[in-house]
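Visitor: Going down the list, the sequences are from chains A and B.
Read the first sequence against the working numbering and you will find it ends at 818, with the numbers running on by one and no gaps.
Read the second sequence against the working numbering and you will find it ends at 114, with the numbers running on by one and no gaps.
One should not assume that every hint holds.
[Claimed, not checked] The calculated lysine to any residue pairs, modelled on SDA-like cross-linking and capped at a C-alpha distance of 20 Å, are: (1) Lys67/B - Ala192/A; (2) Lys63/A - Lys352/A; (3) Lys98/B - Val336/A; (4) Lys67/B - Lys460/A; (5) Lys599/A - Arg150/A; (6) Lys619/A - Pro579/A; (7) Lys67/B - Asp205/A; (8) Lys98/B - Asn198/A; (9) Lys98/B - Glu338/A; (10) Lys67/B - Asp194/A; (11) Lys19/B - Pro579/A; (12) Lys30/B - Thr52/B; (13) Lys501/A - Gly490/A; (14) Lys460/A - Arg409/A; (15) Lys19/B - Glu8/A; (16) Lys41/B - Arg195/A; (17) Lys265/A - Ile210/A; (18) Lys19/B - Arg150/A; (19) Lys67/B - Asn198/A; (20) Lys19/B - Ile210/A; (21) Lys98/B - Asp178/A; (22) Lys188/A - Asp22/B; (23) Lys188/A - Ala89/B; (24) Lys67/B - Trp196/A; (25) Lys98/B - His191/A.
Hint data in this document are derived by calculation from the structure and do not stem from the laboratory.
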Amino acid sequence: MNQYDTPEAIAARVRHHMLCTLGKSPDKLTENDLYLALSYTVRDRLAEGMVETAARYERTDAKRVYYLSMEFLIGRSLQKNLYVLGMYESCKKVAKSFGLSMEAVCDEEPDAALGNGGLGRLAACYLDSMATLALPGFGYGIHYDYGLFRQDIQNGYQVEKPDHWQSAAGTLHVERADQAMVIPLYGKIDHAEDRWGNYNPMWMDWNVVIGVPYDIPIPGYGGRSVNYLRLFTARPSTDFDIKIFNQGDYLRAVEQKISSEKISKILYPQDKLYSGKELRLTQEYFLTACALRDIMRGFLARHPGRGFAHFPDHAAIQLNDTHPALAVAELMRMLVDEHWVDWEAAWDITTKTISYTNHTLLPEALEKWPVDLMQNVLPRHMQIIFEINRRFLDSVAEIHPGDEGILSRTSLIEEGEEKQVRMANLAIVGSRRVNGVSKLHSELLKTRLVPDFARLWPEKFVNVTNGITPRRFLLTANPELCALARKAVGGGFISDMALLKKIEPMAEDPAFRDEYLAIRRRNKEKLSKVIFEATLITVDPDSLFDIQAKRIHEYKRQLLNALAVVAEYLAIVEDGQVPPAPRTCIFAGKAAPGYRTAKDIIKLIHCLADTINRDKRTKGALRVVFVPDFRVTLAERMVCATDVSEQISTAGYEASGTGNMKFALNGALTLGTLDGANIEIMQKVGKENVYIFGRTAEELALMEEKGGYHPIELYNQDAEVRRALDALRSDRFNPAEPGLLAWISHYLLSDHDKYFHLADFPDYREARFASLKDFTDKVTWAKKGIMNTARMGYFSSDRSILQYAERIWGATLVPPEG
Amino acid sequence: MRVERTDKDNVSVLVIMEKTLDASMSADFKAMLHGLVHDGKRGIVLDLAHVTFMDSSALGAMVSALKAMGSQGEIALCSVREPIANILALTRLDRVFKVLPDRDAACNELGVEL
Numbered sequence: 001m002n003q004y005d006t007p008e009a010i011a012a013r014v015r016h017h018m019l020c021t022l023g024k025s026p027d028k029l030t031e032n033d034l035y036l037a038l039s040y041t042v043r044d045r046l047a048e049g050m051v052e053t054a055a056r057y058e059r060t061d062a063k064r065v066y067y068l069s070m071e072f073l074i075g076r077s078l079q080k081n082l083y084v085l086g087m088y089e090s091c092k093k094v095a096k097s098f099g100l101s102m103e104a105v106c107d108e109e110p111d112a113a114l115g116n117g118g119l120g121r122l123a124a125c126y127l128d129s130m131a132t133l134a135l136p137g138f139g140y141g142i143h144y145d146y147g148l149f150r151q152d153i154q155n156g157y158q159v160e161k162p163d164h165w166q167s168a169a170g171t172l173h174v175e176r177a178d179q180a181m182v183i184p185l186y187g188k189i190d191h192a193e194d195r196w197g198n199y200n201p202m203w204m205d206w207n208v209v210i211g212v213p214y215d216i217p218i219p220g221y222g223g224r225s226v227n228y229l230r231l232f233t234a235r236p237s238t239d240f241d242i243k244i245f246n247q248g249d250y251l252r253a254v255e256q257k258i259s260s261e262k263i264s265k266i267l268y269p270q271d272k273l274y275s276g277k278e279l280r281l282t283q284e285y286f287l288t289a290c291a292l293r294d295i296m297r298g299f300l301a302r303h304p305g306r307g308f309a310h311f312p313d314h315a316a317i318q319l320n321d322t323h324p325a326l327a328v329a330e331l332m333r334m335l336v337d338e339h340w341v342d343w344e345a346a347w348d349i350t351t352k353t354i355s356y357t358n359h360t361l362l363p364e365a366l367e368k369w370p371v372d373l374m375q376n377v378l379p380r381h382m383q384i385i386f387e388i389n390r391r392f393l394d395s396v397a398e399i400h401p402g403d404e405g406i407l408s409r410t411s412l413i414e415e416g417e418e419k420q421v422r423m424a425n426l427a428i429v430g431s432r433r434v435n436g437v438s439k440l441h442s443e444l445l446k447t448r449l450v451p452d453f454a455r456l457w458p459e460k461f462v463n464v465t466n467g468i469t470p471r472r473f474l475l476t477a478n479p480e481l482c483a484l485a486r487k488a489v490g491g492g493f494i495s496d497m498a499l500l501k502k503i504e505p506m507a508e509d510p511a512f513r514d515e516y517l518a519i520r521r522r523n524k525e526k527l528s529k530v531i532f533e534a535t536l537i538t539v540d541p542d543s544l545f546d547i548q549a550k551r552i553h554e555y556k557r558q559l560l561n562a563l564a565v566v567a568e569y570l571a572i573v574e575d576g577q578v579p580p581a582p583r584t585c586i587f588a589g590k591a592a593p594g595y596r597t598a599k600d601i602i603k604l605i606h607c608l609a610d611t612i613n614r615d616k617r618t619k620g621a622l623r624v625v626f627v628p629d630f631r632v633t634l635a636e637r638m639v640c641a642t643d644v645s646e647q648i649s650t651a652g653y654e655a656s657g658t659g660n661m662k663f664a665l666n667g668a669l670t671l672g673t674l675d676g677a678n679i680e681i682m683q684k685v686g687k688e689n690v691y692i693f694g695r696t697a698e699e700l701a702l703m704e705e706k707g708g709y710h711p712i713e714l715y716n717q718d719a720e721v722r723r724a725l726d727a728l729r730s731d732r733f734n735p736a737e738p739g740l741l742a743w744i745s746h747y748l749l750s751d752h753d754k755y756f757h758l759a760d761f762p763d764y765r766e767a768r769f770a771s772l773k774d775f776t777d778k779v780t781w782a783k784k785g786i787m788n789t790a791r792m793g794y795f796s797s798d799r800s801i802l803q804y805a806e807r808i809w810g811a812t813l814v815p816p817e818g
Numbered sequence: 001m002r003v004e005r006t007d008k009d010n011v012s013v014l015v016i017m018e019k020t021l022d023a024s025m026s027a028d029f030k031a032m033l034h035g036l037v038h039d040g041k042r043g044i045v046l047d048l049a050h051v052t053f054m055d056s057s058a059l060g061a062m063v064s065a066l067k068a069m070g071s072q073g074e075i076a077l078c079s080v081r082e083p084i085a086n087i088l089a090l091t092r093l094d095r096v097f098k099v100l101p102d103r104d105a106a107c108n109e110l111g112v113e114l
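Working from the sequences, and respecting the hints, build out all of it.
Guide: Below, the structure written as structure tokens:
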């Protein structure tokens with residue numbers, strides 16, 4: 001511990017900030033006062049670290065990585081930063097000296113929910129790993145006023161509430177008003193000639209928005225390197241449109257101001273159909289335009305006169321999904337229009353700089369924008385996209401003469417009644433590398449989603465399986481387990497998760513096993529309290545905690561889980577079966593506000609919970625609970641308190657998943673399909689330590705080929721399926737709202753259920769039963785859990801980042817000396 | 001809008017004494033430039049040393065004046081600050097107007113000496 005991190009030194013800084021920053025007496029503190037004063041204390045440390053780290057990167061002139069993402073699901077920062085900096089225990093003493101609990105102090109912080117789910121949380125994990133590894137890597141995103149909505153539940157239905165996260169999180173940011181930049185939007189192309197008589201498309205009549213950067217410091221483990229996440233806020237070019245203001249129309253002037261600011265007002269909730277939403281397109285452009293100006297400005301300042309041909313030696317730009325894919329057109333525009341680089345050279349630079357991570361296999365989820373809309377919002381970019389497409393299709397036609405099919409499939413423009421720009425095609429054509437996020441996903445990306453591109457450029461496609469940061473999901477989320485492992489094998493695993501392997505022999509040590517289970521028990525108690533506070537439902541920490549926590553989506557099959565709950569309930573109350581152990585089925589997750597089926601699934605779960613929890617016959621056997629407002633902080637509480645982790649998506653649909661990794665790292669046993677990263681988790685932790693069920697992606701494809709899927713046959717053959725579906729149809733779970741759940745049997749019995757719920761149901765039921773049976777044997781259960789924790793090292797985001805650095809970015813680490 | 005004007009032969013040198021050239025003064029700006037064209041000036045030097053922000057309406061005024069001058073006329077810009085240079089590059093207007101480092105160089109380019 002250095003001299004600045006002693007409790008005395010921290011208390012002195014707290015008193016300083018109470019007095020000088022918050023303007024309050026340091027003698028009497030509330031939890032919120034201490035949260036703020038500690039946050040400022042940490043920010044001081046991090047600001048110093050940022051300056052030192054920047055100087056080191058500058059000295060070595062190392063290549064920089066820029067991670068562009070519309071979402072960064074950061075969660076809370078104070079507690080994680082204190083753990084990472086090794087200050088948590090000292091702060092605990094400081095809090096105690098003021099008569100406060102450190103946990104309550106940390107609970108004052110709102111979650112920074114600038115993301116929807118996995119994609120945004122992945123971006124946050126990657127920032128953490130880049131800082132820990134001392135890789136010069138920086139996040140670029142939008143400084144939304146409102147993050148993802150808060151989920152409230154009223155009468156079993158999801159209600160969305162605004163999340164004004166910044167109101168209490170201002171301590172995180174460092175505003176960089178001096179680095180604000182001008183971003184043009186809208187306008188038209190004036191087809192003119194330059195002084196030499198060449199065609200000169202001039203982008204005229206645009207409006208202007210100002211992008212103001214805010215930096216959030218991201219410390220690596222130990223605090224020796226501090227990178228940053230740069231988020232941009234949109235502001236009007238002047239506070240008011242002076243002309244309108246001078247005409248005396250004050251209100252209209254204010255409206256103009258609001259119109260500019262709305263670009264960074266709100267994070268769009270997950271929606272597969274952004275197309276046509278002009279504000280979303282302007283957001284995506286605002287992010288890429290701000291980021292690229294910033295990147296280019298840095299390059300020019302650090303390498304004056306070096307020449308743009310060297311740009312890719314100094315910068316790698318990663319697109320997290322297609323949302324920032326306009327970067328391809330924007331970089332081309334900057335090089336060709338603003339820096340007079342000729343087209344071929346500019347294209348060479350662009351395609352050596354940018355790479356793209358694909359996150360979905362659903363063709364309907366690939367982003368497209370109407371040409372008309374893009375022409376209106378970004379007329380010059382649309383022109384550039386057309387030119388990229390013309391040249392690209394010429395090259396394809398040369399390789400495949402006469403093959404109209406491949407031209408129409410790979411074109412950047414989808415023809416039809418409404419022409420659309422295919423953003424994935426733009427990203428693929430403009431990238432150096434394209435990666436999937438698990439082995440299965442990367443394979444299916446090449447063979448199913450974009451096979452033409454994979455044949456054109458096989459070397460372009462690589463895999464980097466997702467990862468999670470142990471600093472957040474072990475050190476912060478499960479400090480007791482972390483301490484147990486540290487005591488047994490040392491603390492090296494926090495920055496090298498593969499070292500967890502060393503705890504494997506401890507599975508044979510009864511004392512270690514007992515402590516392992518005791519920690520889980522205490523975490524379950526804490527989660528039980530959280531659940532009670534949120535739902536007023538009491539759950540038993542000695543029951544098996546079976547958790548499915550993730551966005552609500554048909555392909556993730558919360559419905560399959562719910563159907564199994566119904567079957568288990570009916571077995572108890574109608575057959576008099578006594579399960580080998582009590583099970584608590586815990587659900588959490590948000591539904592996109594416009595996604596009707598997902599919202600109906602939330603209501604279904606509440607209907608089941610109401611009936612089952614009220615029925616005395618289920619006492620000590622089965623409980624069902626839906627915990628509202630799933631967010632990073634709730635995830636931290638859940639992953640350390642889970643016995644069985646439900647990862648039951650239809651095979652071939654989940655790109656990777658990272659929730660599966662967070663649970664398994666904390667010793668939960670995966671109950672999952674052979675989908676996404678579940679496959680690799682099974683390979684690493686061992687088949688005997690997971691419960692795998694269901695058909696593979698290949699088997700499902702084959703079934704479709706050979707006559708299709710006919711769930712009615714399963715209904716007729718399987719009495720359990722029949723009873724569960726009939727019960728749902730019978731209004732048994734919704735007596736006050738007849739007919740409410742009738743849709744479920746129609747849905748599940750339809751040949752068009754593309755998620756094959758019933759096909760996997762019998763197998764799923766067996767796997768659930770097997771896990772419940774194993775749970776009764778505490779020795780076996782502890783051993784399996786320990787094996788999961790010990791063998792999850794591969795899924796560290798540090799490993800993912802090292803692979804990105806090697807396979808995609810060509811970037812090197814710049815650790816501090818000594 | 002405030003402008004300091006010096007004439008030499010058929011060339012007018014205008015030093016713009018405003019920090020911002022935007023919609024609130026683009027009509028005046030345009031009228032002034034067209035007035036010079038109407039008076040038969042074949043060259044205009046715009047000294048933008050004091051201008052830190054220019055919007056597309058002001059750029060439009062300059063383009064319109066250049067078009068009105070026809071192939072015989074020229075507009076040269078000088079003492080352009082970085083934000084304005086960025087806007088000229090963004091619109092590709094730096095390929096249409098001559099951009100010179102200072103007033104002397106701009107006048108030289110248009111064949112006059114102040």
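Visitor: None of the hints should be skipped; say for each whether it holds.
Guide: The hints, checked one at a time:
For the given pair, Lys67/B sits about 10 Å from Ala192/A by alpha-carbon distance, which is consistent with the 20 Å threshold. Proposed proximity of Lys63/A and Lys352/A is supported: the alpha carbons are some 13 Å apart, at most 20 Å. Between the alpha carbons of Lys98/B and Val336/A the distance comes to roughly 18 Å, so the proposed pair stays at or under 20 Å and holds. Among the hinted pairs, Lys67/B with Lys460/A is inconsistent with the structure: their alpha-carbon atoms are about 48 Å apart, more than 20 Å.
Simply put, Lys599/A and Arg150/A have alpha-carbon atoms about 14 Å apart, close enough for the 20 Å limit, and the pair holds. About 11 Å separates the Cα atoms of Lys619/A and Pro579/A, which keeps this hinted pair within 20 Å; it holds. Of the supplied pair hints, the one linking Lys67/B and Asp205/A holds, its CA atoms being roughly 16 Å apart against a limit of 20 Å. A hinted pair counts as satisfied when its Cα atoms are at most 20 Å apart, and Lys98/B with Asn198/A qualifies at roughly 15 Å.
Restraint check for Lys98/B and Glu338/A: the C-alpha separation of about 15 Å stays at or below 20 Å, so the hint holds. Under the criterion of a C-alpha separation no larger than 20 Å, the hint pairing Lys67/B with Asp194/A is consistent with the structure, at around 12 Å. Restraint check: the Cα-Cα separation between Lys19/B and Pro579/A comes to about 79 Å, which exceeds 20 Å; the hinted pair is violated. For the hint pairing Lys30/B with Thr52/B, the CA-to-CA distance comes to about 19 Å; that is within 20 Å, so the pair holds.
The straight-line distance between the Cα atoms of Lys501/A and Gly490/A is roughly 12 Å, inside the 20 Å bound, and the hint therefore holds. Between Lys460/A and Arg409/A the alpha-carbon distance is near 18 Å, which keeps this suggested pair within the 20 Å criterion. A threshold of 20 Å between alpha carbons decides the hint, and for Lys19/B with Glu8/A the separation of about 52 Å lies outside it, so the pair is violated. Restraint check: the Cα-Cα separation between Lys41/B and Arg195/A comes to about 19 Å, which is no more than 20 Å; the hinted pair holds.
Between Lys265/A and Ile210/A the alpha-carbon distance is near 14 Å, which keeps this suggested pair within the 20 Å criterion. At roughly 45 Å between alpha-carbon atoms, Lys19/B and Arg150/A are farther apart than 20 Å, so this suggested pair is violated. The hinted pair formed by Lys67/B and Asn198/A meets the criterion: a straight-line CA distance of about 16 Å does not exceed 20 Å. As the CA atoms of Lys19/B and Ile210/A are separated by approximately 17 Å, the hinted pair is consistent with the 20 Å bound.
A C-alpha spacing of about 29 Å is found between Lys98/B and Asp178/A, which places the hinted pair above 20 Å, so the restraint is violated. Distance hint between Lys188/A and Asp22/B is fulfilled; the C-alpha atoms sit about 18 Å from each other, no more than 20 Å. For the hint pairing Lys188/A with Ala89/B, the CA-to-CA distance comes to about 16 Å; that is within 20 Å, so the pair holds. Taking the CA atoms of Lys67/B and Trp196/A, the gap is about 15 Å. The hint holds against a cut of 20 Å.
With a C-alpha separation of about 19 Å, the suggested pairing of Lys98/B with His191/A holds against the 20 Å cut-off.
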